[in-house]
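Number of protein chains: 2
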Amino acid sequence: METELSHQKQIASLIGPDLQRLLREVGDPELARELLEDFHPEDIADLLRELDSTDAAEILKALPDDVAGPIFERLEQPTQSVIVSILGPEEAAEIASEMAPDDRADLIEALPDEVGEQLLDALERVDPEAARETETLGRFEEGTAGALMTPDFLSVTPRKTVSEAIQMVRQKGGQAETVYYVFVTNDSRRLEGVVSLRDLLLAEAQASIAEVMTTRVISVQPETDQEEVARQMSKYDLLAMPVVDRYQTLVGVITADDIMDVLTEEGTEDAQKLGGMEALENSYFATSFGTFLRKRATWLVVLFIGEFFTGTALRGYDEVLGAIGSLAFYLPLLISAGGNSGSQSSTLIIRGMAVGDVKLSDWWRIAVRELGIGLAMGLILAAVSVGRVYMWGDKGLLALVVAISVTGIVVMGCVVGAMLPLLLRRLGLDPATSSAPFIASLVDVLGIVIYMQLAKMLLASAIQKGIELKAATGH
Amino acid sequence: METELSHQKQIASLIGPDLQRLLREVGDPELARELLEDFHPEDIADLLRELDSTDAAEILKALPDDVAGPIFERLEQPTQSVIVSILGPEEAAEIASEMAPDDRADLIEALPDEVGEQLLDALERVDPEAARETETLGRFEEGTAGALMTPDFLSVTPRKTVSEAIQMVRQKGGQAETVYYVFVTNDSRRLEGVVSLRDLLLAEAQASIAEVMTTRVISVQPETDQEEVARQMSKYDLLAMPVVDRYQTLVGVITADDIMDVLTEEGTEDAQKLGGMEALENSYFATSFGTFLRKRATWLVVLFIGEFFTGTALRGYDEVLGAIGSLAFYLPLLISAGGNSGSQSSTLIIRGMAVGDVKLSDWWRIAVRELGIGLAMGLILAAVSVGRVYMWGDKGLLALVVAISVTGIVVMGCVVGAMLPLLLRRLGLDPATSSAPFIASLVDVLGIVIYMQLAKMLLASAIQKGIELKAATGH
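Chains U and A, in that order, give the protein sequences.
Numbering-wise (numbering that gives the first Met the number 0), the first sequence opens with residue 0 and increments by one.
Numbering-wise (numbering that gives the first Met the number 0), the second sequence opens with residue 0 and increments by one.
Watch out, some of these pointers could steer you wrong.
Unchecked claim - Just the calculated beta-carbon pair ranges, DEER-fashion:
#1 U:108 - A:206: 35 to 43 Å
#2 A:206 - U:127: 31 to 39 Å
#3 A:49 - U:425: 18 to 26 Å
#4 U:141 - A:120: 30 to 38 Å
#5 A:374 - U:260: 44 to 52 Å
#6 U:108 - A:63: 46 to 54 Å
#7 A:120 - U:244: 48 to 56 Å
#8 A:429 - U:260: 19 to 27 Å
#9 U:187 - A:138: 36 to 44 Å
#10 A:203 - U:163: 32 to 40 Å
#11 U:399 - A:224: 45 to 53 Å
Stated by the list, open to error - Chain A is faced by these chain U residues, among others (derived, beta-carbon under 8 Å):
#12 48
#13 119
#14 178
#15 256
#16 259
#17 269
#18 283
#19 323
#20 327
#21 331
#22 443
#23 463
Hints are computed from structural coordinates only; laboratory data are not their basis.
The C-beta atom is built at its ideal place from N, Cα and C for all residues, glycine as well.
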């Protein structure tokens, strides 16, 4: 639906071609700056995404570096890498010096080692401080607080006055990524408190920072998982989160806009893992065919091999299946009921753990609840299935086998689907990644065993007749 | 793992019991205020969550209203409803008058009609302005920008000077939900621009607002879906988003902390829908057994009925299945390969649409891509399956049937899984909700038809032999 395209997107596609031509023809970077002044870097990045990389590189080169930096940092990593190789290290370093420090560190990280080093060397010549920052941030693993944080924050000592602090915001606020919190540190940079810009403005000008600051500061370590950072910030409604090392030294700050990206990303990653594949790092179209194939085919093969056991289980009931042909007709139906109830439960538990609603220690309450819900849902499906069995003209004992099976299978699906993610988490594995294949094959195999075993017990005489018949024909 | 419990949670459980006792015994609300001053309302809410509702209500009642409000608004809606009924409308209105306007409107909305009206009447007496705001916000549907926004924002006219604007922030900043953006409106409240507090502090004190404001403001309408608001805010790195009506009148502002909650919520909802159930409104444990059963059982029954067609399809190949018993052993394996590849594709497309990476107009590129990826993955699985067929001692033509089937099934799974969500979106339906049952049953039924039809064609002579055998025995 067209209404979905954002207003901005429409503007971009309307003025896109003109702007592209203009930017390419414009010789004067300062004129280009004026032209672009009223546009959000994100919108310019949108325009560049529509161009091929050579054209995009040319436009970025024509722009002043402080305009090009914020545009370039918004492009996706594969595009960035190509543009860096077109521009060469010297030109790229000029633009990189104007990127946000965390995005710059990500870029260097994503580049092939040699290219990354050349860029870092060039950056060292253009902007030694930026190069140092990048090296520091680059030490932290992607997905941790350290890789998200920016070292450009504002801090004061507790002895300063409110008006001195406001003066400092006025002087240094242009460079800092966030000015809405001022962090209070002692002379050895130990984090002692925080004061919001709002509180600074509302306070007495001559009051000391020590009087107005909050000392109960929530902080994270550089190693903290970004998902946990997002959870804390959204729980406490924070616009910025300080990152401290083990000596409580303030080393960086994570801002809310980065966390919005993390939350979107984590939601997508969880969905992809639950959908039975490895999480992609980039968007659908920005992912190459090879990466795509690797991330999807690997899990598909693992799931496929897991399902081999369904065949093994069925072979164990060769005689039962052979004697009563119509048993096979209900097989996909019963298996899918187990799979569906299992996937409901595992989704609830995995996502519940991700957002912090469900904890490992709740396992007992969860087991009881899933047992109850499984029994209730199983009985409902049993009633529905009895109707179906009669409609197809199979009845009597077969209806009973199907009804009891579906109840047992749904109970089993709910309990296994809920307990396995908890068990995997207990073992230190990521439940979102590892659950799918285990649950799918376990639930399917157990479902088959329940169904076949029940048939074997309840339909013994019919099966016996079938076997004798086969024996008589020498088959 | 214990490391997962947040630091704050540990504090809460350590001091919890003492604090609870203290709060209950404390007679003086102002003493209670001092005791709680250093705690985040979220942490106090955590403590209350551990208590039964009567105790929680008693503590809230003992606290000053402006302390109780921010704590109460953080509790989940079922708990809030119970506490309101314990406190009665008069007491509840006192606390409600200190809640954030959007949370207050949500509370009234969630209460049974009669209780909600009583509370609103009581609120009218305590704080007429809050009551009016609540009624205005209550008119917007949950899940839209209107229901998320707060009417407590700061605005100035463009004729004011920077120093007048800062003065205004100082005076009114205490009430506003965000002070970090000041919105610029003309005399009839039409939105004309925005200026960040950072820009105000960095600008000349005597400059006019018209000179320093940005006129290119991104805004949404009250009817805009909250997911779209989140997408815009995270795309443009905004900490606050203005909401305007059709006359461009500024009616409210949405803040980043609400959007962090929306992003988490939408991720969970998408996961739950993809997991084959209706999205829950509350967390796992806050959802009642009845609601739980309704939201899960409904979809489970729909999925179950959809799967009936697998039985119909199998019955159509009664003779084929009866003649070659080992065909049934591969059935769950092949069906699951289709289901898994379909669920990978549908997850990618549904989540891609949710975050804005994938658009309806891309359908052709997606179809080509999924065809390619499906073929590649299908051939890999075919190779794996041939090995399996030989291991089980079935071989020759049966291996060929299984290999070709799995290739066809995976291609079909990828294409159907990717195209159906796009089609449903085109028809104006929510693809996350409606895809699961359609895709599951369609892919399973088509998978059975592909497998059985191939078997019928390639194994014709073996089947014929089987049928003759049965006829000879009079079966």
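Structure-based check of all given hints:
1. Between residue 108 of chain U and residue 206 of chain A the beta carbons are some 42 Å apart, a value that agrees with the proposed interval 35 to 43 Å.
2. At roughly 35 Å, the beta-carbon separation of residue 206 of chain A and residue 127 of chain U lies within the given 31 to 39 Å, and the hint holds.
3. Checked against the hint of 18 to 26 Å, the C-beta distance between residue 49 of chain A and residue 425 of chain U comes to roughly 23 Å, which is consistent with it.
4. Against the hinted window of 30 to 38 Å, the Cβ-Cβ separation of residue 141 of chain U and residue 120 of chain A comes to about 54 Å, which falls outside the hint.
5. A beta carbon spacing of about 34 Å between residue 374 of chain A and residue 260 of chain U contradicts the range 44 to 52 Å that was offered as a hint.
6. Checking the proposed 46 to 54 Å range against residue 108 of chain U and residue 63 of chain A shows it holds: the Cβ atoms sit about 50 Å from each other.
7. At about 55 Å, the beta-carbon gap between residue 120 of chain A and residue 244 of chain U stays in the expected band of 48 to 56 Å.
8. Checked against the given bound of 19 to 27 Å, the beta carbons of residue 429 of chain A and residue 260 of chain U, roughly 24 Å apart, stay inside it.
9. One distance hint, 36 to 44 Å for the beta-carbon pair residue 187 of chain U and residue 138 of chain A, is violated here, with the actual separation near 55 Å.
10. Under the hint 32 to 40 Å, the C-beta atoms of residue 203 of chain A and residue 163 of chain U, about 20 Å apart, miss the expected range.
11. Between residue 399 of chain U and residue 224 of chain A the beta carbon distance is about 48 Å. The supplied range of 45 to 53 Å therefore holds.
12. A distance limit of 8 Å between C-beta atoms decides the matter here; for residue 48 of chain U the minimum to chain A is near 11 Å, and the interface restraint is violated.
13. Nearest Cβ of chain A to the Cβ of residue 119 of chain U: about 26 Å, over the 8 Å cut. The hint is violated.
14. Annotation: residue 178 of chain U was flagged as interfacial toward chain A, and the flag holds, the nearest CB pair being 5 Å apart, inside 8 Å.
15. About 4 Å separates the beta-carbon of residue 256 of chain U from the nearest beta-carbon of chain A, less than 8 Å, and the hint is met.
16. Because the smallest distance between the Cβ of residue 259 of chain U and any Cβ of chain A comes to about 4 Å, under 8 Å, the interface hint for this residue holds.
17. With a cut of 8 Å, the hint placing residue 269 of chain U at the interface with chain A holds, because the nearest CB-to-CB distance is about 6 Å.
18. Checking residue 283 of chain U against chain A: minimum C-beta separation of about 5 Å stays under 8 Å; hint holds.
19. With its C-beta approaching chain A no nearer than about 11 Å, residue 323 of chain U sits outside the 8 Å limit, and its interface hint is violated.
20. The beta carbon of residue 327 of chain U is positioned within 8 Å of a beta carbon in chain A (closest approach about 5 Å), and the interface hint is therefore held.
21. Nearest Cβ of chain A to the Cβ of residue 331 of chain U: about 4 Å, under the 8 Å cut. The hint holds.
22. Taken as an interface hint, residue 443 of chain U checks out: its beta carbon lies about 6 Å from the nearest beta carbon of chain A, inside 8 Å.
23. For residue 463 of chain U, the suggested interface contact is broken, since its CB lies about 15 Å from the closest CB of chain A, more than 8 Å.
Violated hints, listed in ascending order, are 4, 5, 9, 10, 12, 13, 19 and 23; each of the other numbered hints is respected by the structure.
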